[in-house]
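Asks: In mature numbering (1 follows the signal peptide of the UniProt record, and there is no 0), the protein residues as written are -19 to -1, 1 to 924.
Be aware that one or more of the hints could be misleading.
Lysine-lysine pairs mimicking BS3-like chemistry, simulated, CA-CA at most 30 Å apart [to be verified]:
1. Lys233 / Lys150
2. Lys565 / Lys606
3. Lys464 / Lys419
4. Lys464 / Lys440
5. Lys606 / Lys508
6. Lys419 / Lys440
7. Lys565 / Lys508
Between beta-carbon pairs, the in silico distance windows are [unchecked claim]:
8. Lys606 / Lys508: 24 to 34 Å
9. Val541 / Ser416: 38 to 48 Å
10. Ser367 / Ser417: 35 to 45 Å
Simulated from the structure, these hints should not be mistaken for laboratory data.
Glycine is no exception: its CB is placed at the ideal position from the N, C-alpha and C atoms.
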Amino acid sequence: MNMLLCILTFCVLQMMVDAQITISADKSLPRDGETVNLICSISSFIVPATWSVSTTGLSLTVCPPSGSCQPPNNAARYTYSATASSIGVTITSFNSMQDTFGWRCQHGTNSAVYVIKPVVPVTTVQLTNTSGEILTSIVNVIREGFTFILCSTAPRGSRPRATFRWYNKPVNRSPVLIGNQSISSTPNPIMVPGQLASDLVISYSTLNLMSVPLYQNIFCEARDEASTGNYTQSVDVQINVVYPPVVQVFPKYPVYNVIEGLLNFVFNCNIIEANPLPQSNGYSWLHRSLVIQGQNSFSYTIASVQKSHSGEYRCTARNDYGSGTSNSLALDVQYPPSIQGLTSPYKVIEYQPINVTCQVSSNPPPNQISWSPSGEGSVPSRLYYSSVSIKNRGIYSCTAQNTMTPTVGEQQTGMSTNQIHVDVLYPPYMSGMNSSYKVIEYQPLNVTCQVSSNPPPDKISWFPTGEGSVSSILYFSSVSRNKSGNYSCTAQNTMTPTVGGQQTGMATSQTQVDVLYPATITEFLAKDNITEIMENSTFHLYCHVDSNPYSVISLTFGDVLKSMIRDSSELTYNATAGCLNSGKYICSATNSIMNGVTVSAEVNLNVQCSPRLDFRKIISFEYYKALNDNITLEVSVIAYPEPTNIMWYHRAADTHLWERLLNQSISSTGLHSNISVHLGSQRDFGDYLVNMSNSFGIYELVFHVIPEKITETPPTFQVGPIAGGVASGAIVAVICIILVIILLRRRNQGKKEGPSLKLEGSSKDINRHESGLVENPVYNTTSQGFGPSTSNGTTVTEYAAFVKPKKKVALVEDSSKLYAQVEQRNTKGMKGAAKGKQWKGSRGDIHENIDMEGTSTNVDCKYENSRAEACDENVYENPGTITSNNPMVNKGGLLYADLMMDPPTTRNGKVVVQGIENHTEYAEIAYGMRGKPLPDNVGKKDE
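Let's have the full structure, built from the sequences with the hints guiding it.
Replies: Put into structure tokens, the structure is as follows:
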């Protein structure tokens, strides 16, 4: 049982929770006094329901389902009822102040609320303008304008919104309905006691007063849309039509002619209509659409009419609702001609056109304009020249005339004349200046630049400038060479014509100032300023001379003129350096203003070379002396730097060993050395060898001191081996070459015969190195082979080296190629550093300077003094078999000494030298042959 009761209770509670409650009313907008029925529908009406006020929670009644409700104390206006599914309340006399609240219907925990919204009628109606101002009596309406009046239910509003009616109330007549106008509404922001503010609205209606004359007095009335009773009316407002003034200017002429100078001319501004009328200062006057300052009355007076008063005049009148402007009156002020725009002087640039118009200001326009004198043009008012010249300058006059006719008064004639001075401008031009001026250095120079121009030049200048303070004069008190050159005189003026842009006139005249000065050697040096060069290299000398006019430049070495050039500023000299080229080179220069005086500079050139015999000094290699004699052996060499190590050796006749001499009287100075020997015993005779060396090589020379004998037979030298194993025959070859040099020097001095020399042995006895190179004591040497033993057992040998000269017949590609090749031609070829070619000539021929770039197969055939039977071209000297009838000759201009020697039978035998001169570079020697002697008439130059 309890279980059943619990289930039943749970079900009832569940039904109460799920019950749906709704409230409805039979009137949405009730009025006071009306009956209003509220019904609360409950979907599951199980327990009693109640009506209460939602805002306070005050309980009004309790109604059980289908039972009798318990009414509250105020049951006189309310009745309640209940059914199986609802409860109801009836308000028998609705009171908007008491019953407008929330009615709550509650069943269990569920409830619903209903708010009764009553009708709120219109209580106030007011008229306002668009600015929000409340209208009370008069409304000013601008004629032909748009004026809007607003009728509203402000300030309270109504529920629902209001409807409006507009009326026009003519004077002494019944109101006339204008009609309903547009209506709008907005929520009233003002709280009304007992009402919800959001339920009231303020309504508006707008009236557009487009036809002002139809309305005199206006009012409107309004009521809420739910009412059918009376309207609430606004106040009446009077319509006042206002408009701006309408005016007219006087005198009433569209154009009024007056002559300049008329006194007290008056304008009036007449009012045609206006509401309201303008005040006394409500006027303004316009001239040419511009306000005349200080004129604010209805009349305007011109004290004295001037041409500036011409133009349209208008007056304007103003009231509070606008302004009115009159028609225009054109005042035509007539005046006589006035010539304007003529500038005197009138400036025009020469050769430019002139076009001057006589600009006349007059009213009416001139009926006559003329120029005197006239120009080229056909227009009377224009002075014209197509190209003005200086002769057109002068005074020109322009005359103009007109006729003036006023509106009131007599006709008058006006006239005017004006003058201008035509000034012709021209740029500078120059005269009286020479094209060139020659002046000797340190003499004064004065050149004037003469200029003519209009206007005068504002600037005269020389460029470059001189020393003077007068800009038009080029002046030097003492002109120097650096002032030579072109000088320009420039004159400039500024031409400003009356018409056109400013122009600068400029003229330039040029003259040449030639400052003559003697020669000065500014530079004399070797290439790269190197004054120490290697032997056989090419050296370059450059001499630069500063002079005006150009100089004669010469280069001398000693007494020899090496080069000379005329009318030049520089001299260049190139040559191959030999050991004898060391010394002082002098560059000399002079020009035509030096009267034969010369200036010079010098360069000392040192050619680096190994020591070799100075063949310019005659020495003896053999001395025949008696026992106990004293002998001094001397030697001079050519070398740079000077020998740093000089040693003397002695070899007695009965030994092959050389012994260095240390205790003897030896004197060595620079390039010279001598030794004094006392021949106190037979061992003091024999061979004496001097060894001189510097950083570039060694030179050795052997002297023979022989016991004195009386014999007609030339001495025979017994040649033995020298230290190092080299054959002693080389000494004989050395002696022969030295004798040749001596003979050459003597021949140059006019001697054609000399002592005979007997050479024993054959060519196979000639000392040579294993490479085939043969000793040549006259020339620079670089290879080893022949010479005394050194401390480590090696020997030093001298071989020839030279720069191959250019020749036409030899196909030489490189004229500076070095050769150091002396070959004994009985060999099959050469080995080592110096290569040669195969030779099939006679044994005993000694040739030098053989260049073999290929192998022994004679590929290139570029060599001298040899025979190459396998070559296509025979480029060599001394062709063919050398016999007494076919001696060796020199070709191609080369400097050879072709020497043929025949052992003479007596001491008076001859040694003949062919084609030799002082600067012989190398020699060829053939044994067993005699050459043809030179003719007696051969001079030194031919030799």
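Asks: Give a verdict on every hint.
Replies: Each hint, compared with the structure:
Distance hint between Lys233 and Lys150 is unfulfilled; the C-alpha atoms sit about 44 Å from each other, more than 30 Å. Of the supplied pair hints, the one linking Lys565 and Lys606 is violated, its CA atoms being roughly 41 Å apart against a limit of 30 Å. At most 30 Å may separate the alpha-carbon atoms for a hinted pair to count; Lys464 and Lys419 meet this at roughly 11 Å. For the hint pairing Lys464 with Lys440, the CA-to-CA distance comes to about 23 Å; that is within 30 Å, so the pair holds.
Taking the CA atoms of Lys606 and Lys508, the gap is about 52 Å. The hint is violated against a cut of 30 Å. Between Lys419 and Lys440 the alpha-carbon distance is near 27 Å, which keeps this suggested pair within the 30 Å criterion. Restraint check for Lys565 and Lys508: satisfied, since their Cα atoms lie roughly 16 Å apart, inside the 30 Å limit. Distance hint check for Lys606 and Lys508: the Cβ-Cβ separation is about 51 Å, which falls outside the suggested range of 24 to 34 Å.
A hinted range of 38 to 48 Å for the beta carbons of Val541 and Ser416 is consistent with their spacing of about 45 Å. Look at Ser367 against Ser417: about 41 Å separates their beta carbons, and that is inside 35 to 45 Å.
Figure legend: structure checked against the earlier numbered hints; hints not met, in rising order: 1, 2, 5 and 8.
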